[in-house]
Amino acid sequence: MSAQQQGNGADQAWDTGAGSMGHYDRFKVVNKNERRVDALKLALGKGTYTDDITLPGMLHVKMLWSPHAHARIKAIDTSEAERVPGVVAIYHCFNVKPIRYTTAGQGHPEPSPYDAMIFDPKVRFVGDRVACVAAEDERAAAIAVKKIKVDYEVLPAVFDTREAIAPGAPVIHDEPDCTGIAGFDPKRNIAAAMEVGHGDTDAAFAKADLVLEHWYSVPYQQHCALEPHVAIAWLDEDDRLVLRCATQVPFHSRRILARILEIPVQRIRVIKPRIGGGFGGKQEVLLDDIPALVTLRTRRPARFCYTRQEEFSSARTRHPQRLRWKTGVKKDGTLVAQELEVLANTGAYGAHALTVQGCTAGKTLPLYRADAYKFIMTTAYTNLPVGGAFRGYGGPQGFFAMEAHMDEVADLLGLDPAEFRSKNILRPGDENPLAKALGEGKEGPPQKIRSCGVQECIDRGAKAIGWERRLSFKNDGPIKRGMGMTCLMHGSGIPGVDMAAAFLKLNDDGSFNLLVGATDIGTGSDTILAQIAAEQLSVPLSKIQIYSSDTDITPFDKGAYASSTTYISGTAVQKAAAGVCEQLKRAAAEMWRHAGDPTGCELDQLSCEDQHVVRPDGKKLSYSEICLSTFYEHDQHQIMHYGSHMSFECPPPFSAHFAEVEVDTETGGVKLLRYVAAVDCGVAIHPESCEGQTEGGATTMMGYALTEDYIFDGNGRLLNDTFRDYKQFTSLDVPDFQTILVRTYEPSGPFGAKSVSEIPTDGPGPTIANAIAQALGIRFRKLPITPEEIRKAWLEKAARTSRQPAEARV
Amino acid sequence: MKVRLTLNGEPATLTCAPWEFLTEALRRHGLIGTKRGCETGDCGACSVLLDGEEVASCILLAAQADGHAVTTVEGLGGFERPHPIQEAFVDATAVQCGYCTPGMVIATQALLAQNPAPTERDARECLAGHLCRCTGYVKPIAAVLQAAERCRAGDVAKTGGRS
Amino acid sequence: MYLALERYSRPASIEECLALLAEAHDEPTALLAGGTELNVRGHEELVHVIDLQALPLRDVRVEGDLLRVGALVTLARLRRDAAFALPLLEGLREAAAGFAVVALQNRSTVGGRVCTDRGDQDLPPVLAALGAKLRLLRPGRAGAVDEQVIDYPLGAAARRALRGALVAEVLLPLGEGQGAYRRFSRTAVDAPLCNAAVVRRPSGVRIAVNLQGPRAAHLKRLGDTESLIASWHAPGAAFPQGWREAVRLSLMTELEPWGDAWVSGEYRQDVTATLVVRALARVLGEEEVL
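Residue numbers (the numbering used here), protein chains in the order written: chain H, 1 to 810; chain L, 1 to 163; chain F, 1 to 290.
Isolated chain H (complex conformation) (with noise of 0.2 angstroms):
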């Protein structure tokens, strides 16, 4: 594809992309499986991550957190920690100025409420922050932490989303500055509310045959990020502050420092170095002002890096959330009204507690259509940990409400799941009813579909499972088998705020260096965003050399979140890769020119093929000679060009996820045989990175289905704040997996693609509960499913059936 038909979906009629699967042949790079651009190294263990430096000098950080839930700090004495040989400095809430921010790493202005401070004089949760000490080294830090005595006054907590909203709760954000939006009600422990909707959903519900209703609930859940989060400070030979952190979003972090530290965004610098995953937890100023601060107080470099079980405690998490799910159907299995109501415990502090509960409306209601929609949405305080980003953005918690509600009713209408969802889900041309209201804290642009393979996921995850095996299970002993399905949507970026951008400049042997903004955590966009400019420029991979994320240096992007970074970064990499290609093209016909050989230079009549500029008669220039020539000979300037993007339009990749189970009722044990997840991400950039991002977003909630949660001790202290106790899946749980690429093309994405990150974390979770209710009978709807509870649900189950005549084996 060329530079000129390369546009971004603005000037054309609508396209379903159904005609442009041609381009899938004509791709050199891009759709390939080019070794990762920083595979090697990282196997090599060359990598370097944030806290894989040492300075001089460095100063070691360690915390203080709350023992309590809730309690004002009335008086902190560090005469004892000040005398431990090695401490520098100790800050807290009486020397450290009170400015109110949101930790959530979201765009200006953040829409998440101002709760906030470096140090506050009221704790909120176990884990809340205290005091920090640094000291010259780590355990020098932690020795005089022990010694630093705090006078609380305790006050009662709540840690029930229900008790907390209820009249009479301890006010758990009493503090008269705290400022916030849609619904913001601190008084009564809200942090967001709304309500939504799309169409009369009184008339539609009317018009039902059926009308079902359920509540489902969903846990806690830690990103287990295997990098915890750290950062290191210092200060450079022109005395600006320099942060090298592990963080999904660093030009928001420096815009936030800025704030927060009240010094210019110029004085700043944030390097994101290599990153060991993030999955949401790192789009979080959540640590990055603390070495900062320690820096500016000191003027020396200072480290601050979490252990595990601070990860736990008292980093960010998945809201949980408690949601009703209520569908107004036809006898023939036509929807006609969905109604959801969230309530979500954001805990002690609202980050992300809008934007989180808004898209697990968003992604979810419009997978179906229906004549009419109504979405009600409270987030609640509570004193527990704070909710925050975290892969999926409230997808998962609706989808399993969503996905486990359609398989019961498709079961109450005796239909098949897949046939029922298939004559529900949305098509190509249908318009999202709800974009407009469920904005990013304003109203969103409107949505329109355009790439949709969804009937293709189901059909090609069907015949990959063996759906039909599902009518033969024999069941007759006590491990059950059982299988499920589910539907899955969700985006690619945030439609009318993401944006992004890129640089490209030429060198002398033909290669190029690419600055991006784009925050490589893991994901492998650092090699998707060079596939597509090399694509673009028709040069092999090995000629882009790739640098992302320095604040300094690349141009600015959103960072690495909302499924955004291969849409939106990766068209802001095209552009300026297309850019590139018409300063070679001039730059040659320059050449040309001058050398007084100029028959066929017109822009139009030339291309960019194989790192040459490739006149109709044969005649060639190499990038090489070219920026030799501009370099030193004729002409002379740089070739370069840059490329922003933002889009209105947020295309949703799709899926469909299969799951094949065994039940030992015995036990209550779920041994998960075979899993298939087919998905519709439009072009794969990276196939093998595709599959991978499915695979391991997809394990990820396995054990949200089934294993992981978080355990509290009646005061709201986490029990399970180690890889000990929390329980994820490991390489021996994983089922056989199978990941299917279903190819579509969407036109408004960087070479027909869009996102693929977050989608897979919709499905375990009502897939694996759907297969669970087919094999016993028995339906879940609360995650995870934990063994105790399906035993005890087998148990009542038997003895339900043994006061009828027929006999039950228990």
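What the hints contain is simulated information worked out from the structure, not anything from laboratory work.
For clarity, every value in this text was computed on a predicted model and none was experimentally measured.
Cβ atoms here follow ideal geometry from the backbone N, Cα and C, with glycine treated the same way.
Cβ-to-Cβ under 7 angstroms is the rule here; a few derived chain F residues that face chain L:
hint	residue
1	L3
2	E6
3	R7
4	Y8
5	T36
6	L38
7	N39
8	V40
9	A100
10	V101
11	V102
12	A103
13	L104
14	N106
15	R107
Mind docking chains L and F on chain H? Use the hints.
What follows is chains L and F alone, placed relative to chain H:
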């Protein structure tokens, strides 16, 4: 205190405190490929070979390694000559964020030294102590099997890991 | 986590080790075997560790009708060493493989598993069901070594015998028989939420379980159920029809419901009974799940 050991095939002396774990001592020595993920021996990011056996260096006192041979991921291969296991992880697209990769590479080396023809089940057992939130283990399992094939073909498993 | 540790010793002989142990009154001291729990909560205040690695405690040898297993023998060796490839010791091998992390199996030792205070262990019920004994060494007078052989300690009171002692060997009575171990956990790499070990010898059946959660040990021999089984038949004969229901009934009275933050006592009791039945089925050569 001084800890004397054979480090990646060479004699070395690490100066450590009695309370220091091997992960820290190695990293301070510039061997940053050994990662810190949990400090309780539960994630596998810090795996090294101790006399050829895989151990979690985050729960092994540096002093315990005195007199032993330690191999880190850097000891298996470098840019000029990557180990076939490292190549296999790259080619199987088993490297995503890469934080778990050195530990998995070490585990694979330990496995193949004992069992040059592992089954899929063996590969899963080999990686069971290595948590990874990125890949879902599908491609790392394939990488272990691919590494075994490559090592058998080149018979380099024995020479690659100096320990 | 940062340890207070100030002193690391590596004694070259048992005598030297016991001498170090004898002088350890003033400072918190621990014997260090594999060290897989050193950096886990509960050891922050340790000041001195005595590393046992140089001591001759790695032997595995048959002496009469005993298999003598040195305390420093690792779980990895229990899984692989030919000395343990007996039907009688099948449960021991399975328990050694229970916590499926190779790096920990390579370091974790038999002695360490015996001494740990963590409740959620795989090995103890198997050792109890095998009728294991422990050879303990203590510093005696004037540099002498006091030796003591005790039955595998069940319960907190019996465990006091381990205090101030070096567990030198685990002694396993050999002979004909079949062992089995069954565990139930949330994921494959998890401490058992429930477990059960069964050993069937010509002389009878022994059953042990850990009715524990991650925080408290409660290792138990199931004597009543063992007696019930003994009452049925001559040693080695087949169990009667319906033995599963009878055993289950007996277990439900014999097992206390021991709950914690992880699972309820009723559930642990119920699943432990199931695991005992399955382990029994295994030693009888019957289908475990009907």
